[in-house]
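Chains Z and X are the protein sequences, given in the same order.
Residues in the first sequence are numbered consecutively from 1, following the UniProt record's numbering.
Residues in the second sequence are numbered consecutively from 1, following the UniProt record's numbering.
Derived from the structure by calculation, the hints contain no laboratory data.
All values reported here derive from a predicted model rather than from experimental measurement.
Be a bit skeptical, because a hint or two may be false.
Since the list gives no way to pick one copy over another, a pair counts as held whenever it fits inside one copy or between any two copies.
[Unchecked claim] Straight-line C-alpha distance at most 27 Å; calculated BS3-like pairs for lysine-lysine:
id, residue 1, residue 2
1, Lys-40, Lys-123
2, Lys-201, Lys-121
3, Lys-50, Lys-71
4, Lys-50, Lys-201
5, Lys-89, Lys-123
6, Lys-186, Lys-26
7, Lys-17, Lys-70
Protein chains: 2
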Amino acid sequence: MENQDKKKELIIDAALKRFAHFGLSKTTMTEIANDLSLSKALLYYYFPDKISLYSAVLGNIISLMDSELKKGTARAANSHEALGLFLNKRQEFISKYYNLLDFTKITGSDLPEELGSMFKKAKQSEVAILTSILNKGMESGELDTCDPQETAMLLMEALGGIVFNVLKVHTRPFFPEKEQFDMILKRQQKLGIIFLKGLKKLN
Amino acid sequence: MENQDKKKELIIDAALKRFAHFGLSKTTMTEIANDLSLSKALLYYYFPDKISLYSAVLGNIISLMDSELKKGTARAANSHEALGLFLNKRQEFISKYYNLLDFTKITGSDLPEELGSMFKKAKQSEVAILTSILNKGMESGELDTCDPQETAMLLMEALGGIVFNVLKVHTRPFFPEKEQFDMILKRQQKLGIIFLKGLKKLN
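The whole structure should be built from the sequences, with the hints applied where relevant.
As structure tokens, then:
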């Protein structure tokens, strides 16, 4: 069992390198098997298709990002600093793994269900982190009392609006070009500052 | 010339009634010609195809909405009231002319250029109204100085994020169901209140 898990980890690592460098579309299962001197049959035993392997790789990165976001924001001195960290760190991850996120170029509007539910989980964990940022700000008396989870959702949606606006929503692929990220981050930071100021306790 | 304009107005009025009741897809040019006892040749003389007629109808509604929004927000006592009015009035129009906005169901992701540029203009005029709301708030000392146009854009994008989130962006048609509008409006109002409070002058 442990041996199986190790093998799986090795495969995911090798796949991550390929996907991150060449993207999903330009990576074949054969190449990944060759990288590890593995038979294709054995590779397919662990991952029945490219999407399931890709999904495992993405899952790893998302939980890595989640734990880094949690650590970073927990150390922040106040809610403004925490939100700034959150936005920066998230963007860093997206930039670093940009090639890995090219699935939209292949799947178009039909996201495989496996990936869809993974992104849903990722979003939920981001809302949870924003919620904890707001909670901490309320506890310290920095922010006014509000429904922290609902407010975190609202902030997520507002931040998402910036992304959608920079993208042309009526065109595919539905994913920002690398150059657009800086603009998105700057505008999200501005919005974050206004939003948190809008929640501030007025003495 | 004047006679021509009158005829055009009559056609647009008749088309508006049909489109608003049956939607774009279920309305034919023949029906509109019949409503006015007009020959189809004459109708096509004024509007070479259904999209151009539809676009004229939409243009009329957009300028009506624009002037009502301008009047309403100009009368408001402060920026909060003005933004509330803006959001409500906009929603009212969308609800009233909901059937008219079903073009996404037909055109899918390929919006005809004519309509695309019309929506761009509509959006610009909405940003202009939000800018004037912020400007007035700054003049009265209610809001802190900021770049009003840039801040208005940011608010527009944030408000748009709420719509995108309620919709499932990966599905078509890319337009909210009637029932979703209430939820959108309520969340936009909450966001608007936080946003304006975030711009408030702190004494």
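Practice item. Check each numbered hint from earlier against the structure, then list the numbers of those it violates in ascending order. Key: 1, 2, 3, 4, 6
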